[in-house]
Amino acid sequence: MQRLARVETDTAAPHVGECVTIKVALAGQPNVGKSTIFNGLTGMNQHVGNWPGKTVEQKTGGCMRGDKQFDFVDLPGTYSLTANSVEERVARDYILHERPDVVVAVVDAAIPERSLYLLAELLLLPAPVVLVLNMMDVAAQEGIQVEPRVLEAALGIPVAPMAATKGQGFEALLEAVVAVWEGAYPYNPHRPVILPAHQTVLEELITWVAAAVPKPYPADWVALKLLEGDDEIVALMQSALPAEMWTRVHDTLLSHEDAILDIAGARYAWIARMIRAAVVRPKVGQMGLTARLDRVLTHPLWGTLALLGVLAVVFWLTYAIGSPLQGWLDALIQQGAGALHDTLQGTLPHWTIDLLADGLIGGAGMVVTFLPILVIFFAVLGFLEDTGYMARAAYITDRFMHAMGLHGKSFLPLLLGFGCNVPAILGTRIIETKRARWLTILLAPLIPCTARMAVIAILAPVFFGRAAVWVAWGLVAVNLGVLAVLGIVFHRFVLKGEQSMFIMELPLYHLPNARTIGLYVWQNVVAFLQKAGTVILAASVVVWVLSYFPADGDVTQSYLAWIGRGLAPIGALMGLPWMLMIALLTSFVAKENTIATLGVLYGNFEATLPALITPPAALGFLIVQMLFIPCVATVAAVKQETRSWAWTLLSLGLMLVISLGAGILVYQVGTLLAGG
Amino acid sequence: MVPLTALQPGQAGLIHQLRGGHRFVSRLAALGFTPGAPVTVTRNHGIGPLIVAVRETQVALGRGEANHVIVYLEEDGDAAVSQG
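Protein sequence lines correspond, in order, to chains A and B.
Note that this note's numbering has the first sequence beginning at 1, numbered continuously upward.
Note that this note's numbering has the second sequence beginning at 1001, numbered continuously upward.
If you're looking for bench data, these hints aren't it; they were derived computationally from the structure.
Be careful, since some hints might not be right.
Here are a few chain A residues that sit away from chain B, every Cβ distance over 12 Å (derived from the structure) [said to hold, decoys possible]: (1) 47; (2) 66; (3) 111; (4) 181; (5) 203; (6) 214; (7) 234; (8) 278; (9) 397; (10) 501; (11) 520; (12) 603; (13) 652; (14) 655.
With beta-carbon atoms standing in for the labels, derived distance ranges [said to hold, decoys possible]: (15) 1001(B) / 199(A): 26 to 34 Å; (16) 321(A) / 1006(B): 47 to 55 Å; (17) 1003(B) / 522(A): 44 to 52 Å; (18) 1023(B) / 98(A): 25 to 33 Å; (19) 1067(B) / 606(A): 40 to 48 Å; (20) 672(A) / 1023(B): 51 to 59 Å; (21) 45(A) / 1067(B): 45 to 53 Å; (22) 150(A) / 1074(B): 25 to 33 Å; (23) 299(A) / 1003(B): 18 to 26 Å; (24) 64(A) / 1074(B): 49 to 57 Å.
Facing chain B, according to a computed beta carbon distance under 8 Å, are these residues of chain A, among others [unchecked claim]: (25) 80; (26) 229; (27) 300; (28) 503; (29) 504.
Heads up, the beta-carbon is just placed ideally off N, CA and C, and yes, glycines get one too.
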């Protein structure tokens, strides 16, 4: 209420027009609640994109307070600012090159020591820093007392306490930012210093490199990063320095290879001094909520069972609530298309009406019907993510992922794949090494998404009646089995070397924030709609055109039929008529197209199909459907994230060979067994 | 001095050394694995990753990674403590 009231009085202020802009960068380690603060500051007024030339998400947004416009950039969450990962480079490059007016450093008040490490690095860069002590509520709950004023006195920079999930502290943060920006705050940071043992060598390095350091890098920072062994800065100075000077620098660095540990150690010693008076911890032996929950949730047996239980609930919620909604939407859209058909009758050429009603509305409608399922699925995953549970799921699954040369972090994007493969491919960004990331991208399309499950849910009962449930489970198992085998094969024989490290923080559990979950769902759904909506819509129009012309609506004489007859020899190997090959082919546009195509080609396929193909052929068809090349939106995502046509085509080719191979095998063996 | 993987759940020690490539050392150092820092193993079941408490945080470490973190055990760590 207070916030709202303030905004109103501010906007009523007379000096509209002389607006000033303050550029603010939000920095912080992962899991400190930075996104919640960013979302709280910007609300829906935010833009999600990529950092230029990088597959790292960039969020920007703004807000107004009186005559001041705040432009926020959410830097990637990183533990430090050494060039260990692309995120760390992005974060420090932004501060160095774009020069924000103020950097807001977010730390978790419940783990002040660890999360202040990033501040120790930020204070060395040329931008004033405001410190946010977030999660004051969680700290209190864990029995940790933090005194912001005492910390502020020790650090010499403004410290703003917050409980972002409860909406507390936002206005005070903005006031602190303004105070620093206007110069009203006596900004006088106490920066960490290097250990005496390395002081001389650091000063030596500074004098050696100072003249050659390119803009905008500060010389003392470059010298420190050299001593830390930072790849990027080492490369930078190697090319900037004259050869003989570089040799001198290089030799010095070689004899101080251990410096990184001392530098990090000195930073932690500095943190200990800063928080000595400001933080009071509970007595040792007191068990917090996190420790109590983790006794079960990270236990090798109970934790695995708990994870299976959690997954069961996730899928049950998704389908129990989502499927009826999907059916209802589907009926609604078909009704709408029918109504449109009737209204336009006679006003336009009949093929235009068919294109509008069947091609456009049919295509777009198909996408829309999946929204309820996706919204529920992402909401449940967002909830789990925001509580801190997902890191435990990654920990539990790590041992299973190891066989494929992956580790626990690959579990999360694969899980997303059960909703839709597109966000799964985008979700692989959390995986640090290229090898593990590309392998996960290759495997993700084998996860049966909601669209493929919808096709199975309709077709399995048509062919197998009461046994349909078991067939459906079996098909999911086949997909996961193929995924595991492919992963193991690639790990053992194809992508050798560069083993990825598994180093992952398990954050404290906390109550999830509705707004954070809402935005998580929103962003995932928008990504799906943009990618899937546009591509699928365009492709369904193309398919419609192919199925309509040149015979004016007679599918059996259309271009599509012509293509289908060309595929008949492959179909024959699987016991499938050309219509089913066309159904498969159109599933490349969107998986659910299979049903629509069968509807167009056979009319009431539920009644006619079982008589037309044998059970082995039917089973083979369902298996091919599940393993077939991913939909065009997924392929686009694979290309976008790997930026490699070779890998994209390899992924397509593999899926094609595996799916058709499996279909042929099932049909031939099945027929043989039935015949014998 | 033993690798972290040799510690039973509940056992504590002090970091002595990180053995590994530059990237590995740098990442763990940022998370608080610096010489002299106290660590407690919370999960170690012979297979699969460990969970280690360091600087107020629970960190999951693959066995390969944990093998390269060398610690003083608490029993023989008294000398190290008084040094620190």
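Handout entry: Enumerated hints in conflict with the structure, sorted upward
Key = 3, 7, 9, 10 and 19
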